[in-house]
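Produce the entire structure from the sequences given, and follow the hints as far as they go.
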Amino acid sequence: SEQDDPEMALDLLLALGSSEAFKLLRRQAVGEKFFMARLKRFFQVDHQQSCELAVAFRSAVPVDDVCAALEGETRWKHEYLKLLFAQDEIAGQGYHMQMVELFAEYDPMGLLPFLRASERYPLEEALAVCQRKGLREE
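Our numbering puts the first residue of the sequence shown at 1, with every later residue one more than the last.
No lab work stands behind these hints: they were computed from the structure. Any given hint might turn out to be false.
[As the list claims (entries may be wrong)] Listed next, the in silico BS3-like pairs over lysine-lysine satisfying Cα-Cα at most 27 Å (straight line):
1) K82 - K33
2) K40 - K23
3) K82 - K133
4) K82 - K40
5) K23 - K33
6) K82 - K23
See below:
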């Protein structure tokens with residue numbers, strides 16, 4: 001049962017691709033460590049809920065670890081970093097230049113508000129990204 005072995009129950013739900021895994025994870029005490037160990041699988045099941053959990057667990061699940069686990073999954077990384085920035089703009093400050101690139105790729109309309117809200121990127125590099133992507137207005 002889920003009370004006897006919550007990790008096994010979670011693994012089964014993840015294998016089935018069930019979003020019930022998120023509810024069970026929130027109810028059980030397996031928490032951050034379990035989530036981080038299966039981060040990519042959680043994102044495959046539901047990337048929005050995974051972003052929310054990764055941000056909620058940010059004190060125990062380092063931003064660098066999440067970004068490393070999401071390497072090659074640029075859309076997921078964009079969603080995660082965008083939500084992280086909305087909650088805690090300092091936590092992901094080392095990724096703000098990468099966020100410029102990701103906004104330019106996936107959310108051009110969100111780029112200008114991001115550029116105005118953050119000062120943690122090299123201005124010349126951000127301008128080059130905008131020019132390369134044809135986003136002259138930003």
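Okay, the hints, checked on the actual structure:
1. K82 - K33: Roughly 23 Å between the alpha carbons, so the hint for K82 and K33 holds.
2. K40 - K23: holds (17 Å)
3. K82 - K133: holds (19 Å)
4. K82 - K40: holds (18 Å)
5. K23 - K33: It holds: about 16 Å lies between the C-alpha atoms, which stays within 27 Å.
6. K82 - K23: holds (23 Å)
This entry satisfies every hint, going by the numbered hints stated previously.
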